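Novice: Chain by chain, the residues:
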Amino acid sequence: MATLTYRDALNQALREEMRRDSRVFLMGEEVGVYQGAYKVSRGLLEEFGPMRVVDTPITELGFAGVGVGAAMAGLVPVIEFMTWNFALLALDQIVNSAAKILYMSGGQVPMPIVFRGPGGAALQLGAQHSQSFESWLGNVPGLKVVTPATPADAKGLLKSAIRDGNPVVFIEGEMLYNLKGEVPDGEHLVPLGVAEVKRAGTDVTLVAHAKMVAVALRAAEELARDGINAEVVDPRTIRPLDVATIAASVKKTNRCVVVEEGWPQFGIGAQVAYDIQHTCFDDLDAPILRVSGADVPMPYNKQLEKLAKPDAAKVAAAARQVLYRS
Amino acid sequence: MATTRRPTRELQRAANAVTDKALAGENPADLRRLLREMLLIRRFEERAGEQYALGKIGGFCHLYIGQEAVAVGAMAALTPGDRIFCSYREHGQALARGMSPRAVMAELFGRATGCSGGKGGSMHLFDAEKGFLGGHAIVGGHIPLVAGSAFAIKYKGESGVAVGFFGEAAVNNGAFHEALNMAALWKLPAIFICENNRYGMGTALERASAIWDVAARACSYDMPAETVDGMEVLAVRDAVARAAQRGREEKTPTLLEIRTYRFMGHSMSDPIHGHYRTKEEVENQKQRDPLVTFRKRLEDARMLDQEQWQAMEADVNAEVEDAIRFAEESPDPDPAELFTHVTSG
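Note that the protein sequences, when read in sequence, are chains F and S. Note that my numbering has the first sequence beginning at 1, numbered continuously upward. Note that my numbering has the second sequence beginning at 1001, numbered continuously upward.
The hints are simulated quantities; they were obtained by calculation from the structure and are not laboratory data. Hints are supplied without guarantee of correctness; some may be wrong.
[Stated by the list, open to error] With a straight-line cut-off of 30 Å between C-alpha atoms, the simulated DSSO-like cross-links for lysine-lysine are: (1) S:Lys1156 - F:Lys39; (2) F:Lys180 - F:Lys198; (3) F:Lys302 - F:Lys314; (4) F:Lys306 - F:Lys39; (5) F:Lys39 - F:Lys251; (6) F:Lys39 - S:Lys1130; (7) S:Lys1130 - S:Lys1156; (8) S:Lys1154 - F:Lys39.
All figures in this text were calculated on a predicted structure; none of them were measured in a lab.
Using the sequences and the hints, build the whole thing.
Specialist: Take a look at the structure:
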């Protein structure tokens, strides 16, 4: 086990997969000479050269489409968006091209491509730079949506995503890049579509993904001081969603809070709550609660921004509520 | 090599000045083959229109009648290793690429035997083995895919070219400009074929575009370009051959503006003429029907006699009838197919 930052874990995943498979290449804004806007691609240009680490003009629609066309011609593109906010310009290519071509072609044209970059809010970046789109993208058949929360998952999931053979939306976090954690040595693969229990508990299930895993774990520590033993389940993959692991936890705890950074309406929490009522109807001892980002564009002001984001206190309060201990 | 960047008026003159190319030195059998392919598309589309009216074909159906010389001329200059991307008006390109009329008609009928298994339809014809990578139905959306495929060709050191067909309405779209910029910047072996049929649905080029010479758009990207008479199959073939050679040998892209005209409405739900163009205009354009004029030229050059033409017509009619019968008799996809191919593996 080595201790790595989330950033370096991603870098290792890219490096290993590019060494393993000459069809894999990285394309995006500032990935090469600049070494990556968030330095995820540090050193890759030097090792793999400009044909495999390709700096693009600022044209999300265009280079996402270039990736799709390259995948259709037998390559395995990793398309980096500087942030997922900018990828809205590329939604046509992600949704209308990448997600549909295998199906529309009757299975003739595979689409091995990864679209990756940071999502969610950082600090005071304002409304256009602080958004979570996993629920939008998770709505689209043909896509897989991955949201790693730890360095180990970041590495293992990115390697699996590159090998998956399907269009994978891979959403990282600006605030996660410096997060340190242990990453298994050698070949480390985390399968897509498999949740992980990040903290075992008995009293309440906290479902959280990406950056919210750390928030949920902090909430669990806070709850533990009150003698409440929370279980934290990280789906890791939003689509396909590992309902079985979430349901197994809820059947044990009988209570559930879903935490997400994005907006509440039609969000991840809405989907998870549906799946839980469908699979665990007779096991629930309280209505499921959601803790989400506020239903507003992200404000710039520091205090307002804090109010808009989920935090451990909000999650702990919701957990107490489903335990009727508030 | 007629690759130039010229001012607008000069380009227009060049387009208008395209005259009959001498047939000397051409192989008569090859020319008859081009005529046959155009005839096949014409008859196929006429019969597809009828089948649509009968309710056998659903959804949208965009016919290629009037534009046959573009697909046939272009495909004649390409090789099996090339990759083809089209818009949603792509029945002609599919047939010209050598996809069987049976598989294409069955796809229009939505049958399991269709070239996309009945899951694509008129706008999403695919044949991966033939490098036919789809009809795409978002205007301009497939143009970056052409650049991407050309990138892959260069990346892998292959000798092919990636070719994209799109209408003139797509050139005002960001995807077009982003793709052409990258193709020129990275010197990719791509051919961007703009089929300028004068109308984006019901909007004339002049009502949508600040400049009327599509080829002139290439100036922005320092890309070779040509304006080509799209009613003249040999002019198209030769222009695409020049572009393909440039792609293969110099690994540089080309923009071709191929001026053509659709004799039918935008889709089956659009009348042939109406609010946006007059009957006189359509009739006037039909004087240059690429099929009629090419047949006459071959006859005048004694490369085609009456007997050969009649045999060709009978053969093509039988092929199209066979395609319709095949489509009619083919089964719908199995209900289980609903959930296959959403993802692979």
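Novice: Hint by hint, note whether the structure agrees.
Specialist: Structure-based check of each hint:
1. A hinted pair counts as satisfied when its Cα atoms are at most 30 Å apart, and Lys1156 (chain S) with Lys39 (chain F) qualifies at roughly 27 Å.
2. Proposed proximity of Lys180 (chain F) and Lys198 (chain F) is supported: the alpha carbons are some 16 Å apart, at most 30 Å.
3. At roughly 17 Å between alpha-carbon atoms, Lys302 (chain F) and Lys314 (chain F) fall within 30 Å of each other, so this suggested pair holds.
4. A hinted pair counts as satisfied when its Cα atoms are at most 30 Å apart, and Lys306 (chain F) with Lys39 (chain F) qualifies at roughly 27 Å.
5. Under the criterion of a C-alpha separation no larger than 30 Å, the hint pairing Lys39 (chain F) with Lys251 (chain F) is inconsistent with the structure, at around 42 Å.
6. The hinted pair formed by Lys39 (chain F) and Lys1130 (chain S) fails the criterion: a straight-line CA distance of about 41 Å is larger than 30 Å.
7. Proposed proximity of Lys1130 (chain S) and Lys1156 (chain S) is supported: the alpha carbons are some 19 Å apart, at most 30 Å.
8. For the given pair, Lys1154 (chain S) sits about 27 Å from Lys39 (chain F) by alpha-carbon distance, which is consistent with the 30 Å threshold.
In the structure shown, a violation is registered for the earlier hints numbered 5 and 6, in ascending order.
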